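Protein sequences appear in the order of chains A, B, C and D. Going by this note's numbering, the first sequence opens with residue 1, and the numbers climb by one from there. Going by this note's numbering, the second sequence opens with residue 1, and the numbers climb by one from there. Going by this note's numbering, the third sequence opens with residue 1, and the numbers climb by one from there. Going by this note's numbering, the fourth sequence opens with residue 1, and the numbers climb by one from there.
Just so you know, the hints here were simulated from the structure itself, not pulled from any lab data. These figures come from a predicted structure and were not determined experimentally. Take the hints with a grain of salt, since some may be wrong.
Which copy? The list can't say, so a pair holds if one copy fits it or any two copies do.
As the list claims (entries may be wrong) - Calculated pairs, EDC-like style, for lysine to aspartate or glutamate (alpha carbon to alpha carbon, straight line, at most 20 Å): (1) K155 - E128; (2) K281 - E128; (3) K155 - D117; (4) K281 - D117; (5) K303 - E238; (6) K304 - D242; (7) K281 - E58; (8) K304 - E238; (9) K303 - D242; (10) K155 - E185; (11) K304 - D245; (12) K155 - E176; (13) K281 - D22; (14) K9 - D223; (15) K189 - D133; (16) K303 - D245; (17) K75 - E58; (18) K186 - D117; (19) K189 - E160; (20) K9 - D236.
There are 4 protein chains.
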Amino acid sequence: MPLLTSDAKGVYPIAPTPFFDDGRIDTASIDRMMDFYHSIGATGVTVLGQLGEAQKLEHTESLEVASQVIGRADKLPVIVGVSAPGFAAMRALTHEVMARGAAGVMIAPPNTLRTDDQIVNYYRQAVEAIGADVPFVLQDYPLTFSVQMSVGVIKRIVDELPSCVMLKHEDWPGLEKISSLRALEKEGKLRHISILCGNNGLFLDYEVERGADGANTGYAFPDMLVDIVRLNAQGDREAAHDLFDAHLPLLRYEQQPGVGLAVRKYILMRRGVLSSAAQRKPAAPMSAVARTEVDHLLARLAKKDPRAGKLVG
Amino acid sequence: MPLLTSDAKGVYPIAPTPFFDDGRIDTASIDRMMDFYHSIGATGVTVLGQLGEAQKLEHTESLEVASQVIGRADKLPVIVGVSAPGFAAMRALTHEVMARGAAGVMIAPPNTLRTDDQIVNYYRQAVEAIGADVPFVLQDYPLTFSVQMSVGVIKRIVDELPSCVMLKHEDWPGLEKISSLRALEKEGKLRHISILCGNNGLFLDYEVERGADGANTGYAFPDMLVDIVRLNAQGDREAAHDLFDAHLPLLRYEQQPGVGLAVRKYILMRRGVLSSAAQRKPAAPMSAVARTEVDHLLARLAKKDPRAGKLVG
Amino acid sequence: MPLLTSDAKGVYPIAPTPFFDDGRIDTASIDRMMDFYHSIGATGVTVLGQLGEAQKLEHTESLEVASQVIGRADKLPVIVGVSAPGFAAMRALTHEVMARGAAGVMIAPPNTLRTDDQIVNYYRQAVEAIGADVPFVLQDYPLTFSVQMSVGVIKRIVDELPSCVMLKHEDWPGLEKISSLRALEKEGKLRHISILCGNNGLFLDYEVERGADGANTGYAFPDMLVDIVRLNAQGDREAAHDLFDAHLPLLRYEQQPGVGLAVRKYILMRRGVLSSAAQRKPAAPMSAVARTEVDHLLARLAKKDPRAGKLVG
Amino acid sequence: MPLLTSDAKGVYPIAPTPFFDDGRIDTASIDRMMDFYHSIGATGVTVLGQLGEAQKLEHTESLEVASQVIGRADKLPVIVGVSAPGFAAMRALTHEVMARGAAGVMIAPPNTLRTDDQIVNYYRQAVEAIGADVPFVLQDYPLTFSVQMSVGVIKRIVDELPSCVMLKHEDWPGLEKISSLRALEKEGKLRHISILCGNNGLFLDYEVERGADGANTGYAFPDMLVDIVRLNAQGDREAAHDLFDAHLPLLRYEQQPGVGLAVRKYILMRRGVLSSAAQRKPAAPMSAVARTEVDHLLARLAKKDPRAGKLVG
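Only chain A is shown next, with the shape it has when bound in the complex (with noise of 0.2 Å):
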């Protein structure tokens, strides 16, 4: 499979790891959820990042489940989360699943760097474990990893560290972070690398305006997600805005810290995509008035996108 390089575009879905109710991996979903991605229009997929519960996997679990990924992914480049602890671990999971065939790894910061120095040292470090040839993805998401990446620490890193072709952009606030990004790239101050969105896409209509290339977030709607890139890519900006306003009401209530997880496995079931909206344990389950709330939410949108009225039976 090609590596991951940074002219990446387009929706890379997190993919999350389906469980039957008694905690075992449930093989039969990961297929059809990618079969499901395929049918989309996805340009790749992510793995065993914190939606995927990739904390919750032992170390042969990850590997299993890496591997049927990419093995159904076709062309698709997968990305696999390789966040851990310590630097033996990332690496010895690295050099695994790149030898089956991933394209590129996920790196988290850990949440206890603080200052610039420590961001970047960590990644260099980083890269000095798992190799200067293998792609790597910088996580920014500082609503759960509290940690803080300036533009010039991420100017630092990508000027630094040439392995690094991708920002999965979660910073929240972080349009101007987008536009500074460009801004540096356009006056020759950086070179380009492959900006996709996380945070479930609560700003995508108009991060695709600034400058990104995408999105790479779980969504469970994420044909929504490539509509939105089309048609912003298109041009048709109205058109754009209002697919996405249709879904925000749902995006919004996935978009939950904790929660979140359970709503968006529950809409994935309903749409026949994973056979069960099981979690392992530790899991924030989702109580019945939410689930009520959910095919509320559904039923409104239904109105709207005919992909969300199949499934209100």
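Starting from the structure of chain A, add chains B, C and D where the hints point.
Relative to chain A, chains B, C and D alone:
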């Protein structure tokens, strides 16, 4: 003026502090803002919160702003933010504003609190400082203050401190917290307190359904918030959601930390309430691109809510 | 090997993991280190703690180190650090080391925990994962983990989880916490648990007087810690303080976060226990000036404790 | 009074604020304390720091305390802590105390700062607020403020803001930071600033050897700190360490966060400087056991330093 009670309902806008471009306080705008709040059916108002740039005012200015708001409030109860690094300053400001006719005060936790005992103890000491006869609002806003209050901690505070009459609910996610508090109340295990929601109203559509009494936040269309509370009370569920969803793209944009205040002041200026969008330093300004995005959001909103249309000249 | 119980007393050194300069594990030094611990009267040993660079080991290496230590421990109980970002990895490592003869495991809290309920719930889930039959050590180390456990939280964990048999006490300041826990025990409100103190022993002189059962830390003169516990038990208060005070300048130096491990390994190398002071990357190295300071501290200590004299020159 | 310059040396005790048991400010003790500082050879004094319970004073009280200290300081330069949640309050207090004869101000960073740019920008704005003509002390105290300033950040601040004349060095560990700053100075890359050390002097023995100019901390035997600086300047290295080591057991005890202030005030009371050890609420009191421990430490110290003997009645 009557004191704040646990029966408070409706919408208490968080008032910004109007400045001229040179940093002086714009008292004419304060009057206009208060008249605006009266005209839209607000049931109270909160001044000198975070949104009110309280930390950028000198002590005498804080008093002047609070006094003017109270003077123009007529029968609307006025809550004054008195959060301070020390209890001496908190007590002093509390006594001064209560003497001028404030209905109660709002107290945010210092962001160094961690354990349940530390949080409860802090509010115990705060009440000891300001006096048990001053009604206070418990501000639960972990996203900004990094202090996490469990339902158990809120219960302890409500049980122990009778002057706690309102929860400014800004936990995120927070829907289950409202349900849990109201369930405790139903079971007779917790006295009733008013729950008004913040976070710019990002979940107000479902928060009122969960048992919240209204909103206490700074969205630049507080008239919409008033409508949501009213429509929900009338049982017009879908109408409430239709209106809410029309505002959600803008509301979400405004809810961004940092830049959000600039957006709010800009819209309030465009609505004719404030004469300037100026903030005192340090301020997160709104970029030129951001302003075009807000204009775009307003133009789109105007198609659904005539109140946004008026200002799109 | 017998399981760890709440009667544990004395000194359980936190064992470093010996490396060669090229990063390989130095098994001969592990044997020598274990013989050293036997010779000085240690009553147990802890491996794969933070100090043991556990996060820099691959899974199989962790198992090998733990196995060798257990094999050489004779009758000394061995506690294995099993803290992990997810319960799957924690359970796997626990089962493997218990099968090899570990006496119990040590679990540190993830640094995202804030409320009392979150902390108690985490340990509840951890016990569910590793099994209620595995004795575990509760690590209370807010300086490093940013998790603050009140006396009430510790009581809840001890009450609810019978397999919690020891507190690794590293709160700072922490003297009153020991007194509070022992007072609860005296009043019959808390079952007895072993309290062994960390923080390099910085307050061990008074901790044992307050009711601690000993030390569980990495100071490079664990023989001194053994003496302190013994002298205190014998009632030789001033002799205990004289010895402690002689070591305090060095002990304080070694207790510095980051550089502390380099100092410990350097001294253990000079004492002939380790063949190298090497750490795996990422490591905080000791500067040339720091080394002269440590040599200076050792030279001064040698005037009062012959054990430091042996290695000087 | 002359302004603070980057040539400041020696010991600037951090003055506590003396209270009577009923919470009133004890002005006679302020005079006695200032006379004591003169008598021991202090070269300056800092008031209204954290240790001075600045946050528990009302604005007018802060001014009164600062004024009295300045009035009694004779030629000793007085630094006033002006850290505040907003720049308006910081500017107001700064102008008032400078008008009364303060030599400079000390500014701690708000604990929300994370990135290098945020830290530099904060001090840039602070200087804009207080005026570029007011000398200020940069307080680098990550243990309390959670703000980590790298050497690079300090350099940026010193380079950009000429009114930064002193670093209150309280990083921990911090020895290498002193060496790095002095190395930059030697290489001509950084102008000279005064470095006075805090953290109760826990590493002062080596800090002065590394290039620090003295101490700026609250240890209850500032006369000992003066001796250390003098002995080091004279080249009496071992005498300096002997004296320091004699004090270290007590110094370490006093350095504990929270309870440390109670210990300091208690010892200053026993030394006849303060008439009471009272703190304003909220205060971490000293338990009865802790008091016996402090008495024990003083009794042991008295065997080596007659200044402790005098008070052991």
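Evaluation of the provided hints:
1. K155 - E128: Result: close within a single copy only, 19 Å intra versus 28 Å inter.
2. K281 - E128: between (34 Å within a copy, 10 Å between copies)
3. K155 - D117: both (12 Å within a copy, 13 Å between copies)
4. K281 - D117: This pair counts as between: shortest inter-copy Cα distance 17 Å, intra-copy 36 Å.
5. K303 - E238: both (18 Å within a copy, 13 Å between copies)
6. K304 - D242: Both, since 9 Å and 12 Å are each at most 20 Å.
7. K281 - E58: Intra 13 Å, inter 24 Å, cutoff 20 Å: intra-copy only.
8. K304 - E238: both (15 Å within a copy, 15 Å between copies)
9. K303 - D242: both (13 Å within a copy, 12 Å between copies)
10. K155 - E185: Cα proximity of K155 and E185: one copy only (10 Å, versus 28 Å across).
11. K304 - D245: both (10 Å within a copy, 13 Å between copies)
12. K155 - E176: within (15 Å within a copy, 27 Å between copies)
13. K281 - D22: within (11 Å within a copy, 39 Å between copies)
14. K9 - D223: Answer is within; shortest intra-copy Cα gap is 15 Å, inter-copy 41 Å.
15. K189 - D133: This pair counts as neither: shortest intra-copy Cα distance 23 Å, inter-copy 36 Å.
16. K303 - D245: both (13 Å within a copy, 13 Å between copies)
17. K75 - E58: For K75 and E58, neither the intra-copy (27 Å) nor the inter-copy (32 Å) Cα distance is at most 20 Å.
18. K186 - D117: neither (26 Å within a copy, 22 Å between copies)
19. K189 - E160: Intra 13 Å, inter 24 Å, cutoff 20 Å: intra-copy only.
20. K9 - D236: within (18 Å within a copy, 43 Å between copies)
When the structure is compared with the earlier hints, violations turn up for hints 15, 17 and 18 and for no others.
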